[in-house]
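**Student:** We have chain A already, so just place chain B on it with the hints.
2 protein chains.
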Amino acid sequence: MYDDEKILLDAIPSIFSNGPEVMIGPGDDCAVLDFSLDKYRLVAVDQLVSDIHYVKKTTAPAEIAVKLLRRNISDIAAMGGVPSQALLAMTLSAETWSEDEWAYAFLSAMAEEAAKWNVSVCGGDVSSTFSTTDVFSLTITGWVEKDALTPRSAARAGDAVFATGEFGGSFESGRHLSFAPRLDEARFLAGRFAGAMIDVSDGLLLDAARIADMSGLDVEIDESAVPIAAGATLEQALSEGEDYELLFSVSPKKTAELESAWPFKNIKITRIGVFTAKSPKTDSTHDGHDDSTVVSKGFTHFSK
Amino acid sequence: MYDDEKILLDAIPSIFSNGPEVMIGPGDDCAVLDFSLDKYRLVAVDQLVSDIHYVKKTTAPAEIAVKLLRRNISDIAAMGGVPSQALLAMTLSAETWSEDEWAYAFLSAMAEEAAKWNVSVCGGDVSSTFSTTDVFSLTITGWVEKDALTPRSAARAGDAVFATGEFGGSFESGRHLSFAPRLDEARFLAGRFAGAMIDVSDGLLLDAARIADMSGLDVEIDESAVPIAAGATLEQALSEGEDYELLFSVSPKKTAELESAWPFKNIKITRIGVFTAKSPKTDSTHDGHDDSTVVSKGFTHFSK
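So the protein sequences, as listed, match chains A and B.
Residue numbering for the first sequence follows the working numbering, starting at 6 and increasing by one per position.
Residue numbering for the second sequence follows the working numbering, starting at 6 and increasing by one per position.
Rather than coming from a laboratory, the hints here were simulated on the basis of the structure.
Heads up, some of the hints might be wrong.
Intra- or inter-copy, both count: the list cannot distinguish identical chains.
Claimed, not checked - Below, a list of computed lysine to any residue pairs in the SDA-like style, where the Cα atoms sit at most 20 Å apart:
1. 62 <-> 110
2. 44 <-> 153
3. 61 <-> 133
4. 283 <-> 192
5. 61 <-> 137
6. 283 <-> 68
7. 121 <-> 110
8. 151 <-> 258
9. 62 <-> 137
10. 121 <-> 165
11. 62 <-> 180
12. 273 <-> 183
13. 61 <-> 98
14. 258 <-> 152
15. 270 <-> 64
16. 273 <-> 235
17. 62 <-> 103
18. 121 <-> 153
19. 283 <-> 247
20. 62 <-> 133
21. 44 <-> 197
No experiment lies behind these values; they were computed from the predicted model shown.
If we strip away everything but chain A, and leave its shape as in the complex, we get (with noise of 0.2 Å):
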């Protein structure tokens, strides 16, 4: 992420304000809207550009297509939630158009893709550029439970991180393109075990600031304890993005029985820090135990 980008994704909860049916606005995984019924309605957006998020050249349609529901479903899971519908914008270039039947491959996959997860991609929009650039924007829609929501807001000092599958070397391995987002994993968290939960999609450490940030916490992840992807080395772990693993809260009350009632074989979970309450020093970096780092707002140890 360019420092424009996160400088000017930090100021967005500050220029908008939100009315009353919005109970969570920018900032989360999902915005949460409260139509007074039993359940909140999620709702996110999420792009993909051609050569940032994926290499153009190399790239099928129908991969792009999937990445690009899978990384807003996982959106919806980190909210604890289901999704029910999908919008399709999408900005092709005259390269793109050109190539026989792309588009109609991109969409084919999209709806196949859509079917797998009871998604409706009920509307859309389809334009052109000039330029070389692809740019596909997905807004989902979803549903939680009142009281299964897992905003990131949600951590309590002493809860311990907890984070699903293994991390780093996503863009390297292909990963980021066939991930799949822990929709089933975060239904049985949600409600019951976690509190505050992120999918990681800007980098472990960063992730997990952002749930300190947005409870008013520090957070220590413990070096030691990263599952690492194979292949990856523990910083890729720490730094790198498109993961897509959840990451969240677990109080110390549930984490025994979190770890004997987990169902999902092919997929382990593992305790990697706690979250602290906050100290009189933030910003700051070590905190003295060996192999643990304290992620606060403003720092993270492997920041330029």
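**Tutor:** Just chain B now, kept in the frame of chain A:
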């Protein structure tokens, strides 16, 4: 609109299958979602692409923001509804990032404009591109009372075709950047006078044909009745887009009442034609009436 775009858009409804909550999927101004309340939820997405929808060099960030939001509000209006939330996705070129405060000016204008229309910007995404193109995508949500919905499919044979305002020269005159979406007007019409309704974004004849197509009808437009904007030609009024005026069907029993009850002094309404039963000879051209045109699927008299 490019031919490629049109062909693709026409194919989209048959590509995606929608679930039971989706009352109306792709092909109308908004998707219509039924959450079993007394209202339908509306959701739509629209894009602005630099040097396609606005001239990058001469258009201020605030103008782009205002146009983006208003054209989405116009889609909600076209369904008879009220806008409620928006999600904003944008991909900016390095050139635009490098312009001091450009993105902030854009977002501030978006926030200010959204507040005017009681729209909560509740989510979004920001990305970059290596090309020179800026792409903005806005998803809007809204609601409409179930008996006030004005889908494109609701015209009946014999219904009059009405339009608000004047047509033609929107891009040339700069009106495409400063138009007001006909939200109050649409709310007055919905549930009382308007059957089918559309906002004219792609051209009066083309958009009239869309209502006819979705309603299984033909439509005759009386060219001599079409209200032409100052400085524009009839040809422009019929075939250019970006007018964002409402085009709607009215039962012949209600046209007199509408004309006397219309409360908006500064926005005129004009009866410009009639919806007719589909003639056995579809794809015909003129039907013999002077100054009137049949617009039917696959044919518009201005088409190439």
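**Student:** Among all the numbered hints in the text so far, which are the ones the structure does not match?
**Tutor:** 4, 6, 8, 10, 15, 18 and 19
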